[in-house]
Amino acid sequence: MTVLVGYVPSPLGEAALRAAVEQARFRDEPVLVVNTSRGDAYVDPRFAQEAELDRVSRELTAAGVPHSVRQLVRGRDAAEEIVDIVEAEEISMVVIGVRHRTAVGKLIMGSAAQEILLRVPCPVLAVKAD
Amino acid sequence: MDNLANLLDGFANVVTPMNLLFALLGVTIGTAVGVLPGIGPAMTVALLLPVTYGMEPTQALIMFAGIFYGGMYGGSTTSILLNTPGESSSVVTAIEGNKMAKAGRAAQALATAAIGSFVAGTIATLLLVLVTPPLVQFAISLGAPDYFALMLLSFVAVTAVLGASRVRGFASLLLGLVIGIVGIDSVSGQQRLTLGIPQLADGIDVVVVAVGIFAVGEALWIAAHLRRRAAEVIPVGQPWMGRQDWKRSWKPWLRGTAFGFPFGALPAGGAEIPTFLSYVTEKKLTKHPEEFGRGAIEGVAGPEAANNASAAGTLVPLLAMGLPTNATAAVMLAALHQWGFQPGPLLFERESALVWTLIASLFVGNLLLLVLNLPLAPAWAKLLRIPRPYLYAGIIFFASMGAYAVNASPFDLFLLLIIGLLGFMMRRFGLPILPLIVGVILGPLAEKQGRRALQLSGGELHGLLGGWVSWTVYTTIVVVLLWPLIGRFVVRPLRERLVTG
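Chains as they are written, first to last, in my numbering: chain A, 13 to 142; chain B, 51 to 551.
Just so you know, the hints here were simulated from the structure itself, not pulled from any lab data. Treat the hints with caution; some may be incorrect.
What the hints assert, rightly or not - In silico DSS-like links for lysine-lysine, alpha-carbon gap of 30 Å or less:
1. Lys152/B <-> Lys334/B
2. Lys432/B <-> Lys118/A
3. Lys297/B <-> Lys498/B
4. Lys140/A <-> Lys118/A
5. Lys333/B <-> Lys297/B
6. Lys432/B <-> Lys140/A
Extracted from the complex, chain B is given alone in its bound form (with noise of 0.2 Å):
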């Protein structure tokens, strides 16, 4: 009941008309940059953060959950008419939904998106208020080896699990915590991999790294790739679903928003696995199977409530543990620190009132995203037709002026147009972004709690076994580490027993 008091508290904190403003800013931006494909809420908020250093740290997060939020609408309306998909979470959304879109049910496909993701997240979100609080009791009790070995399973799992390859993630990763390492280290004193550069003292502002691998970095590769023939945008009207629509929407939505909560909260969440899931289960239990592969409404009903429902879901970590587990949950991690407020268990004793109005603030979000969204799809669509080389250009002008104005150091120009390059390069090669944007932001962390761990138990390695959290946690990251190996010489020799016997 408390809690319920709280959110009410919350909901009356953000219909001031200078929070709803905000909000109404952050769904619109978030649905544009969702419409666009390679430019995504991370990179968005990232270039955002700058700016919102003269704000109020409540309004800026508002507009940071609102155009996360929008990210994933968004995402949706290119697959959909374009085949394209604006986002990696509404990849799978294009499988069916351009196919509808093409036999002429692109209305019917653009509104079953938008309405499962509205109620997907508002039904993820009502989870996101249930499950948080006794989360945020269960992680107070834990000590610095659990968030040390949570850390730790966090990079684990983002390398390992999401992406083609684990040497490329291990290798993005290992990148992302030398960027970290760089500076002056807090405990001893010692300067890190400063190179006897005085500027790096102080290490490298995440906020110059953010922007430098997704914006930059994503520029210069875009700049590289830019002539394409231009694609078709199938035409439509407004978004509107039938009774037969409704019908065979609404389970579809909730099967998502089962699949998309639970992952977006785990350390390997992320959209896109639950998407998928989804898109399978909807497909082994369709009454139409024939009309997979053709446009089967379910097929993008599904993975659109899951790709929402993730999103809430990513929200739960990151507010009761300070544990990002995807990069616009990450960079919001960075935002939250440079703001002064310490992530963690005690976000929610601290700063409440900020933690509740944010959480209100997604409901409405929500609200206004649907009220954006179901009228105005064909016309977000037309923000496709802006020329890249404009769009890059005030993307790299809004990098340098964000990079520039964290320290007023013309010193991090060239820091940033480094970290570009090495954007650049990481795209080039195929490396993944994530791993190293997590490890920059959550390497230190680790490494403080680490160290806090080792200083209590006076340098003794066993100091890094705490209680039976740690434990769990060490076995899971050694069998998703094991996990080829145990599937070669277990896993297979046995399903082969079974077989020939």
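For reference, chain A alone in the conformation it holds in the complex (with noise of 0.2 Å):
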């Protein structure tokens, strides 16, 4: 089993990343750290460049906690795209972070938080920045 964690490079990934973490040690299992981006757009703030990602791998070896970073650029949705390894693999809990949203903005532009917690079949921890 592994714990997967939902990575977007801000303050709100960087909890998210930590309470992975601290879960993985918890529960004794590796961590699975997945980023995605649409990639429609020429810049995306939610896609972790590689200097960010090797970052959090070094952070991770460091903690001494095994781990694998997946990176996903296919067209779709973080939500979709969680849903979907969750349900293939051997998923023990998924961590994402979680932040205030205006009716109107989820109204428009949906809530990829609200997504996961409700589809995904594992239990959810959902963290705040601090």
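Take each chain as given, in its own frame, and dock them per the hints.
Right under this line is the structure:
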């Protein structure tokens, strides 16, 4: 079994990553870091650049947690990708970051966190940025 | 002095609230499309052309000029922050600009680009005021054979000088000329290439061709290459420059202007060659050669000044003789025809107010652009977060609406799609777009001048050889066409002999 963390390069993503490391130690399981982008814009602030992922990798190694990093650019939403991974692989828990969203924002853009919370078959740990 | 009075009149016309609003609208749209790669001022002007039918031509021209200048400013922002040039004219800026940004000097790079563009744009527009009226005097003395020769030179120049492959350039030009021929011949009344379709008898509207090639073709191309790793935008604060940066920038600005203006005015000008030349010159003259390749401010200042100066230069032949030297100018020429003006030397006499208001609006637009770009460059970069499907859906919508609005005929929508597919295939096989657009727009005009010359001489071919102007032009054409042969059989043996001797 593996702890999956939805990572974005922001304080929110860092908080989720820390929580995932904690959970992985507690459960004695490896961590799977997932970062996705639909890849249809020239710039996506939620897409982690190579240097960023290298740093994450180093930090996890330093923390002594076995891990793997997966980056997906296939034109699909983050929620779809994560739900697919959970259904296809042995995932014990999903860790995501959540933030406050306005009603209008959710109406127009939808909420990836809500998608994941409702559709993933395993427990979900929702973390706020500190 | 006469010109100065005219120019002041022009300023008086520009500073009405409505005209200022259109100038602001133009530069805002221009900066936005300049920032976005693949969407340029030429496409935007083509898309907005049908919208302007209900507007005052003066206001529409002010807006178009703003878009044209704005595109030059916006292109540099993406070059510097993203290493993705928004326009072909800012490809060179990316070389040093992005290196500067990576070294934490993005603010200085953006500042020198914006201020350099302003300086170059202002000087070059002043040059435009000085150079154009004498050129108009000269252009009035030219006859039909000379114009025919000049247009042929334009064709040869845009195909043979720009771009990597002459064969592809000429293929593209030929496509454009063929599209331009479709319709009823105005002299003999014969139908040409109409394939028996009555809707084609009026010819294919330039708007449909331009929108199809630029907008639909680009949208299909993007749709075929949608997925890509998102790039990183380098964070940047308020653009500013230190004393040292000013000291190192002002000379490159002036030199860039000196390169940009004449090249913009030449038939094969465009902004690509002068920006490159400016970069090479700065690299040679710099006192900090060690910085080149690692983010030298001269390498941003020079090319950015050059591309704005060339934008002003482009307007010289457009206003004085009705000859476009790049894609945006070609579409603007089409716009002048659609509004019922006759571009050429007579435009200055008949529509003096229009022309001088346009020129005055360039100064105003330039100032607006500095105000818009210097503090807001990081905000413009946010445009790149728009998912491209949304962006291109909007463009396709605008394109279809514009193509339909021209004649209110559904047939034009089919044409749009077919020409869009043609645009896609051209991108697929690396055919340049510019020769096609110039061919479509200038082709029928060249035909008219050529036939007028032949009619005057009673069909004798020597009628095409007017005065010394056409002789000079034909000689230039022959030299340009034979240049590869000359290079191989004359220059190279000479050089080899020099080397061995």
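Structure-based check of all given hints:
Distance hint between Lys152/B and Lys334/B is fulfilled; the C-alpha atoms sit about 23 Å from each other, no more than 30 Å. Taking the CA atoms of Lys432/B and Lys118/A, the gap is about 21 Å. The hint holds against a cut of 30 Å. Pair hint Lys297/B plus Lys498/B does not hold up; C-alpha atoms about 52 Å apart against a cutoff of 30 Å. A threshold of 30 Å between alpha carbons decides the hint, and for Lys140/A with Lys118/A the separation of about 17 Å falls inside it, so the pair holds.
Note on Lys333/B and Lys297/B: the hinted pairing holds, with a Cα-Cα distance of about 16 Å set against a maximum of 30 Å. For the hint pairing Lys432/B with Lys140/A, the CA-to-CA distance comes to about 25 Å; that is within 30 Å, so the pair holds.
In this structure, the one hint that does not hold is number 3.
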